Amino acid sequence: MIHSLFLINQSGDIFLEKHWKSVIGRSVCDYFFEAKEKAVDPENVAPVLQTPHHYLISILRGKLFFLSVIQTEVPPLFVIEFLHRVADTFQDYFGDCSEGVIKDNLVTVYELLEEMLDNGFPLATESNVLKEMIRPPTILRSVVNTLTGGSNVGDTLPTGQLSNIPWRRAGVKYTNNEAYFDVIEEIDAILDKSGTTVCAEIQGVIEACVRLTGMPDLTLSFMNPRLLDDVSFHPCVRFKRWESERVLSFIPPDGNFTLMTYHVSSQNLVAIPVYVKQNISFFETGPCGRLDITIGPKQTMGKTVEGLMVTIHMPKAVLSANLTATQGNYSYDLATKVLVWDIGKLNPQKLPNLRGSLSMQAGVPRPEENPSLNIELKIQQLAISGLKVSRLDMYGEKYKPFKGVKYVTKAGKFQVRT
Amino acid sequence: NMQLSQTTLDRNDEMCQTLVSLIWCYVAFLTSLQIKIKFHVINSKSSVLRNDDLKEMLESSKESLKLEAMKRIVGLIAKGKNASELFPAVVKNVASKNIELKKLVYVYLVRYAEEQQDLALLSISTFQRALKDPNQFIRASALRVLSSIRVPIIVPIMMLAIKEAAADLSPYVRKTSAHAIQKLYSLDPEQKEQLIEVIEKLLKDKSTLVAGSVVMAFEEVCPDRIDLIHKNYRKLCNLLVDVEEWGQVVIISMLTRYARTQFISPWKEPDSLGLTKTFYESDSEEKKDQTENKPYIMDPDHRLLLRNTKPLLQSRNTAVVMSVAQLYWHLAPKHEVSIVTKSLVRLLRSHREVQYIVLQNIATMSIQRKGMFEPFMKSFYVRSTDATHIKTLKLEILTNLANEANISTILREFQTYVKSQDKAFAAATIQAIGRCATNISEVTDTCLNGLVLLLSNRDETVVAESVVVIKKLLQTQPTQHSEIIKHMAKLFDNITVPMARASILWLMGEYCERVPKIAPDVLRKMAKTFTAEEDIVKLQTVNLAAKLYLINSKQTKLLTQYILNLGKYDQNYDIRDRTRFIRQLIVPNEKSGALNKYARRILLAPKPAPVLESSFKDRDRYQLGTLSHSLNIKASGYQELCDWPAVAPDQSVRNVEVIDPVRSHIAALDERNLCKQEFFSVLNMYMNVCSESGSESEDSSEDSEETSSDSGKSSSGSEESSSESESEQKKKKKKMKKMALQKKSKPTAADRYSEIPPPFLVVSCPHIGPLRDASPRSDNQRVYFISTQLLQKIKSRLIKSTLPSRVSCLVQVTTPSFGPVKTYELLHHMTGKGLSAKYHFPRQPCLYQPSMVAVQVILTNSSDHSLEEIHIGDRNPASLNIHCFNTIERLEPEASVTVSMGVDFSDSTQAANFQLCTNTDQFSVSIQPAVGELLMPSTMAEQDFIKEQGKLQGMNETSQTVTMATANTSSQAISKQVLSVANVGVVSSSQSNFHRFAGRTVSSGALVLVTLEMKESSSAQLTINTEKSVMASMLLRDLKQALAQV
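Each protein sequence line maps, in turn, to chains A and B. For what it's worth, my numbering labels the leading residue of the first sequence as 1, then goes sequentially. For what it's worth, my numbering labels the leading residue of the second sequence as 1, then goes sequentially.
Keep in mind the hints are simulated off the structure, nothing from the lab. There's no promise every hint is true.
In silico SDA-like pairs for lysine to any residue, Cα to Cα no more than 25 angstroms straight-line [unchecked claim]: (1) B:Lys423 / A:Gln361; (2) B:Lys617 / A:Leu49; (3) B:Lys1015 / A:Lys193; (4) B:Lys235 / B:Ile297; (5) A:Lys193 / A:Ser359.
Part of the chain A face toward chain B, derived, beta carbon under 10 angstroms [what the hints assert, rightly or not]: (6) Leu49; (7) Leu60; (8) Leu64; (9) Ile70; (10) Phe78; (11) Phe82; (12) Phe121; (13) Val198; (14) Gln203; (15) Arg226; (16) Tyr262; (17) Gln415.
This structure is a prediction, so every number in the text was calculated from the model and none was measured. Quick reminder that beta carbons are idealized off the backbone N, C-alpha and C, glycines included.
Given the sequences, and given the hints that come with them, work out the whole structure.
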């Protein structure tokens, strides 16, 4: 399946290679570089490429390309999903997935890659299993290892690999038993010029952090499970219980994990928390344009909108921006032509406003289209779909855990057309 | 009932530990600083020297130094630098006790063994020893490395190791051996035959850990040996949900291929079926059977696969979801495919690369099945931040989805896209508008006008694309568009993109009769600039000149000759060639001959309009989700998905011989003796364990308790379990099911998903009589064992004796027959002079005539003398069609006999009156059918139900609110009550507040659809859709009564 993996940084250097079958020369990456050159923007490189003897499937994570070489037919999503899983594992182990971090932990990375695939077929991808085989680096451990000559590698087969619940190891112990659930909802929306919703939907995810001793069996139920239109689960969730009773019943993995993701139907009306009044215009005569943006609260369910930020990808012709913001700061990156206005908390009494002029390159025709605004925001203590967790029960263990639920609403792909 | 507290999370716990680690950290920092300084000194030397140092470190006696050296060597490998010269020094450490050091040496070995084969052989003995290690982890990793060393000499050793590992007790080692098979095969394909043997053995493995890997090996080594799968097919289907996600993908794609070779197509021929249905609707059932088109019945194994893959649509792994989606696309009946839509749309939220692949697949699907994705149209709206290839794919899908109803919305959306700063995307949008315009004639004019407006756009690519599209559109509609052509001629000077210029010239030439004044002028301009134009423009100029010459030679003769002369000496041979050809064709001279006469017909022939179609049109020749589909090129190793076989191959190949652990216990028992009773107990038990069958299972267990109360043994399973707590009961059921299925594996995490028994178990025989004659058994245990034994017999018998189609038929009809049996009095023994008769409706299809309702009559002689010649006499009304039972010659005192008869009630509750006669007396009796007994259950999918319901609206709909005794009644209880009243089939519902039941009237076969929509508290809306409105109101009344008792 997966023959080789190359890690490539933004400037096109291969800084790590791993082969699971015979060695394939680096020159195979040239086809990729060619495509990258053509695409200009790294985002635009096609994920699947064909070369005379191989197929290249790549993903872009952060600023790194994970490029895998394939020789025969394989579902491309299989490879893509796996590469993302590799990147996730790096993130999990080292807290980041960047060139520097990978280079610093080269040996651990290599050991991980060795365990994750055998002959190009995924072997152990469950973080819990991997962590038992290759312990994540911590300062403490590296000290002990240097002093005692100990190792980061486990010498027995992790219990999880063999049990029917590969996501959890046996013998977990905590002094403080706690289970936290974060219900995070993102609003994906497109608003048109006049502020009407073109399309809007809610994507939710329940992130869990469970530190419980032993083998707890949890049941999480909702007040209004009917809201959920489409769901996907961590493998630990018993699907049958969900089908019949609409409760989440599961033996949780240890630590942080994504319990479920869900989708709230686009048929329901989605509450849009803010409105945007904007006026961007480029004048036909004279090399300048005007910009005036005001943001105000719309349907916030009485909560405060925080972390408000507006990002605008300006047309190439815009040279600089001379603006004043009544709240927050703005910056305009000349190279990428991105205007960022970081507002912060939205004060309903005094609406934030950004206005001023844009200077344009002389002699270049007026842009056809006004740039659209991408909005980021955050509302604490609110799940905009109205989803509510009603209770969490634990079976199988005797102690009383500490339980908590947190709700957050964020803007996902929230775009205002102008 | 603890309410969850709202807390802000503070996960920075364990303060103490942090403190300790800080102190350690400081100490460590100092130490590591020293080490680093030491290494720095080493690093600064030249690279050759560095290798020497590494060698030195490897040969030192200190483990930590060796480890450090290996780490740096692995670092070199990772960076792609050559470290092969260290091989001898490294290989010495292969037997190290330090596990990390050992692993790093393994990494090194695997990388360089191929280059240093002789030296690599030195390490082999170490691995051979490790293969016998008591630690499974060490055995597995030894095999992994041994099989990864690509040295041909060790092939026999590898072969031996694989064979041994395949029989290892540890599933993890067996999994590794499956991987090793592929490695050995790629190293030496000669070993194929032997490897297939190992694969065959591993395919039988019941561990979920092994399943994915061995199927992968199968796919790589012998994908054509479909015969190896037969016996493992059902097992793989049942294991699927518990297999790790990567294995699931591989197994699903293999099973897709398998299913296409083994089952017949579930896709009905649209015309033949539609016709027969309407044509024969009024005719009797018999005629229907006589028609050539046999109704399609899905192989239970086919259904099993579809059912067991469905829950995986909820997987977090996008590859799994995609593979299930493609399985449904390629294998499921057309109306079931749409269940994958939601899940595919969900994947669009994932990473950019995932979106790319999923959108490609949706694009292919949406060409054939617009309806699947139309409700989700808005999910394909483009955002300015999407990558270009994502945008284009979304555009493609939106275009595929366009129809008369949504076109205005889509066009409005397209208007935004045309203005995009991403010009490649804007151009693609114009193409899309063109496609919409040709596909939907209502909007052609609107689109054309819109495109003409775009001609004055500032961007060149936009204008060029518009010209090209307009050209194509005008060609499809060459009516009154001279204005547009004129407009384009005006713009001609400003357009520089060659393709656009060429298109305008072609339009001028093609429709020069419509613009007689402008065309020659354009030609004049072209004559001026001819030499500076691109080749494609030159060719069109020559074409235009030729066409004008034929129509308007007076004005253009000179111009044409001038252009032809220029073309004659052009640098491009294509143009020279074309010029020469055109000149011979249009300018008559002595050499030109006959062709000249036809010049007009050749050049001005009406041309067929181009078809604007999707670039994904032909993608469906590749299996969805594959690399080949993504690239639209047949990738190496792509396995063609073959067409459905016309006739299904033998299904029995998938039957598994069950090894019975307790065969010896019952070997002595007479098979015939136990056959009947045991059959029931097995079925009872089965019904108990079959969690799916809901109400039926409850009923049957009740029944069995009732009927065998004196013995209490034949239904041992149900009795025991009923006395235990619910959870216990569940466990028990699970256990029994396991046993029944002869699964030896310990109970797995299978309860995560619904486990579905193999389909043959669903078959419950219709010829089971009443349970009364089940005789007592002394030994619970034994009964149980016997049951398992019997189950196999039943299985094998059913499979041998019944035709495949019949099996499924039975499944459809008989399931509800386990409902409670109500017995009615036909003749009291007082009035009958000792003869008493009772009847009930067994709810089975009548054997005599399909339009009859089966009635069983129990005749009992309670007098003190025997009764003779019991038969049926006159009937009233005379037209009543009754199939009488054969005359009973003699009924002894206290004896009773059960006879069956068939009555055609013609779908009315009018009583059937007849005379029951003995040799001496005649008694008038009547059978009064309950309306619910005039139905027979029919199975249908939810979608079909809703579709049919849609057809039976208005007059055909009866509806009422009913109140139930308790709120939130379970669906089992509801089904039970409904089934007690009416002989209908439960339609599985995806909405938990809807209960649906379907049936047909026995006599005319009219559809009767019952819907129960649960409202707040205990009220519910009961709706019945049928054309038999009288029956509907009666049924409604009965159901209302029954539901009030829930």
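Comparing the hints with the structure gives:
{"no.": "1", "hint": "B:Lys423 / A:Gln361", "verdict": "holds (19 angstroms)"}
{"no.": "2", "hint": "B:Lys617 / A:Leu49", "verdict": "holds (21 angstroms)"}
{"no.": "3", "hint": "B:Lys1015 / A:Lys193", "verdict": "violated (41 angstroms)"}
{"no.": "4", "hint": "B:Lys235 / B:Ile297", "verdict": "holds (22 angstroms)"}
{"no.": "5", "hint": "A:Lys193 / A:Ser359", "verdict": "holds (23 angstroms)"}
{"no.": "6", "hint": "Leu49", "verdict": "holds (8 angstroms)"}
{"no.": "7", "hint": "Leu60", "verdict": "holds (7 angstroms)"}
{"no.": "8", "hint": "Leu64", "verdict": "violated (13 angstroms)"}
{"no.": "9", "hint": "Ile70", "verdict": "holds (7 angstroms)"}
{"no.": "10", "hint": "Phe78", "verdict": "holds (4 angstroms)"}
{"no.": "11", "hint": "Phe82", "verdict": "holds (7 angstroms)"}
{"no.": "12", "hint": "Phe121", "verdict": "holds (6 angstroms)"}
{"no.": "13", "hint": "Val198", "verdict": "holds (6 angstroms)"}
{"no.": "14", "hint": "Gln203", "verdict": "holds (5 angstroms)"}
{"no.": "15", "hint": "Arg226", "verdict": "holds (8 angstroms)"}
{"no.": "16", "hint": "Tyr262", "verdict": "holds (9 angstroms)"}
{"no.": "17", "hint": "Gln415", "verdict": "holds (5 angstroms)"}
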